[in-house]
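Colleague: The primary structure of each chain is shown beneath.
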Amino acid sequence: MGKRRKPKLAVWKFASCDGCQLSLLNCVDELPALAERVEIAHFLEASSAVMKGPYDLSLVEGSITTPRDLERILQVRRVSKFLVTIGACATAGGIQALRNFKDVKEFVSIVYARPDYIETLETSTPIADHVPVDFELHGCPIDKRQLLEVIGAFLIGRRPNVPSHSVCIECKLKGTVCVMVAHGTPCLGPVTHAGCGAICPSYHRGCYGCFGPKETPNTASLSREWSRLGASEQEILNVFRGVNANAEAFRKESDLHARRND
Amino acid sequence: MKILDRNSVDLFFDALKRQGFALVGPTIPDSAIVYDEIGSSADLPVGWTDEQDGGTYRLKKRDDEALFGYVVGPQSWKKFLHPPSLRLWTAHREGKGFKIIPEQDDPPKLAYIGVRSCELHAIAIQDKVFIGGPFLDSSYGLRRENVFIVAVNCGQAGGTCFCVSMKTGPKATAGFDLALTEIIEPGRHYFTVETGTGRGEEVLRDLPYTEATEADPATVERIVEKTVSQMGRTLDTTDIKNLLYQNLEHPRWDQVATRCLSCANCTMVCPTCFCSTVEDVTDLSGEHAERWRKWDSCFTSDFSFVHGGTVRPSVKSRYRQWMTHKLATWIDQFGTSGCVGCGRCITWCPVAIDITEEVRAIRETKK
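Going down the list, the protein sequences come from chains A and B.
Using our numbering, the letters of the first sequence correspond one by one to residues 70 to 331.
Using our numbering, the letters of the second sequence correspond one by one to residues 2 to 368.
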């Protein structure tokens, strides 16, 4: 990204709640500095003024759920030098990926008065299932410090500091006492990707996995521990079928408990 | 040996403060006894104890008003000597280059209140790692030289303690300025005080102590003996280096890997684990950069990442690396075991993996 012109930043939305885009708007203190460095060229959540592509950095929120999404993501990839997906929808399929475990036609027939108006895919899938992605930023929603870190890193051409280890390390660095060991509260922290700053355990709650699976997640071992702490098969199934239900490690674990539940 | 009454503990703390020390010691902000700033003896876990076993820790009320009637909590003194995250320097762009601004590192003078024998050994081990060789860790050295250590002999052992096996306790024998033993008898609550250094003696000078009687050392011994008899765990260290070196392909490593979460909690709570990583961060303008050091763990993928991939991709290889380093290669590297038998890795493992049990399993079915 040369010095002659400001790099162009674009933000794109697919199937999502807009919460991750709001994380960018929520960077109130940092937005002036960001606007100094980049041309915010395409960000419909913030402005209807749109500059033409190509774009140096595209942030993509949301999952692929319609035939039109399938076409549009190819177009976004074509006009983007770097493509970074943001949030659980874009990186794993989001809460709407719960349809992947059921028959979406049945939902459509129950929910909509005119099902024939609805054009939808049978599954909700992450962006990386369809186009090459340069970096995935996890979270529901994403963490604004991490978002700024990723943008800053791409601007300068270095690797972002976004570790993929457990939430436990964040708890320990902060000095937060382990809720599983000290209260017997079931927690997904040991299998969950760091990034939030271990918010829930800081408030005496177990982590429920909004950042999705970490590297090398041992969900089977953690599930056994949850059972020992008194969680039912249904509760274990539910916790893995959250916003990251379609992330591979969580999907496999929940399938196992779904079968046991049947 | 001298005797200090319970009611003189705050005078003792005040004397330390007059010498310029801020006090850090055990306190209960929440659901565990942690080390943090304390002002007076009222901040100590008065009348509390902890019950520990693999993967569980619970605070319990005692039936007395003991100040140090617990074992060890999730944190160790390394959080002060080797902080979890530390900025090493900042830099800003200047012309075509950049200028590095060294960090002004001015740690406070701290008095550690209630350091256990296993923890004294852990500090001695980290001393060797950080300031005992040709390459000095200046931030550790700076913090270390400012410390005043008030040790406490353990009056009870926890469910995951095994300092007797590691020959690191429960009685403090070296590495302290003052060492206390808490004694609670009907109608009397007092401390025996042993001095370890001249400055320990100096702090004591203005306090209303009495000289110990002939019976007091025997009372201390009785307390220590009782603690010895209560060890929750044992670890047979006989020829442990060769035991582990000769069993690097033992099937037990596969079994433990099915349980291990590679969450890194064991390494974070370990008082001797010292690994760290450095992160360079830049701001949005690209004009300013900072280098930070953060605790790292051999249980992450990044830890052994080199060009082309991770050297230890399997959890099995990471657990084996950690345990064999702690108990065997540490001896080759630093001349002592890396384990002090504090039991934290057992208590704070969410799935209760027990280093003593793992060694026992390998020993019983060794090649």
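Read the hints as simulated data drawn from the structure, not as lab findings.
Possibly wrong hints are sitting among the right ones.
[Said to hold, decoys possible] Only pairs whose alpha carbons sit at most 16 Å apart, straight line, appear in this in silico EDC-like list of lysine to aspartate or glutamate:
| id | chain 1 | residue 1 | chain 2 | residue 2 |
| --- | --- | --- | --- | --- |
| 1 | B | Lys3 | B | Glu212 |
| 2 | A | Lys243 | B | Asp37 |
| 3 | A | Lys213 | A | Glu284 |
| 4 | B | Lys3 | B | Asp284 |
| 5 | A | Lys321 | A | Glu302 |
| 6 | B | Lys368 | B | Glu212 |
| 7 | B | Lys3 | B | Glu195 |
| 8 | A | Lys243 | B | Asp284 |
| 9 | A | Lys213 | B | Glu186 |
| 10 | B | Lys317 | A | Glu99 |
All values derive from a computational prediction rather than experimental measurement.
Colleague: Taking the hints in turn, state whether each one holds.
Modeller: A quick look at each hint next to the structure:
For a cut-off of 16 Å, the pair hint linking lysine 3 of chain B to glutamate 212 of chain B stands: about 5 Å separates their Cα positions. A threshold of 16 Å between alpha carbons decides the hint, and for lysine 243 of chain A with aspartate 37 of chain B the separation of about 13 Å falls inside it, so the pair holds. For the proposed pair lysine 213 of chain A and glutamate 284 of chain A, the alpha carbon gap of about 22 Å is over 16 Å, so the pair is violated. Note on lysine 3 of chain B and aspartate 284 of chain B: the hinted pairing is violated, with a Cα-Cα distance of about 57 Å set against a maximum of 16 Å.
Between the alpha carbons of lysine 321 of chain A and glutamate 302 of chain A the distance comes to roughly 14 Å, so the proposed pair stays at or under 16 Å and holds. Among the hinted pairs, lysine 368 of chain B with glutamate 212 of chain B is inconsistent with the structure: their alpha-carbon atoms are about 57 Å apart, more than 16 Å. Straight-line distance between C-alpha atoms of lysine 3 of chain B and glutamate 195 of chain B comes to about 7 Å, which keeps the hinted pair within the 16 Å bound. For the hint pairing lysine 243 of chain A with aspartate 284 of chain B, the CA-to-CA distance comes to about 23 Å; that exceeds 16 Å, so the pair is violated.
A C-alpha spacing of about 57 Å is found between lysine 213 of chain A and glutamate 186 of chain B, which places the hinted pair above 16 Å, so the restraint is violated. For the hint pairing lysine 317 of chain B with glutamate 99 of chain A, the CA-to-CA distance comes to about 43 Å; that exceeds 16 Å, so the pair is violated.
Taken one by one, the earlier hints fail for this structure at numbers 3, 4, 6, 8, 9 and 10, listed in ascending order.
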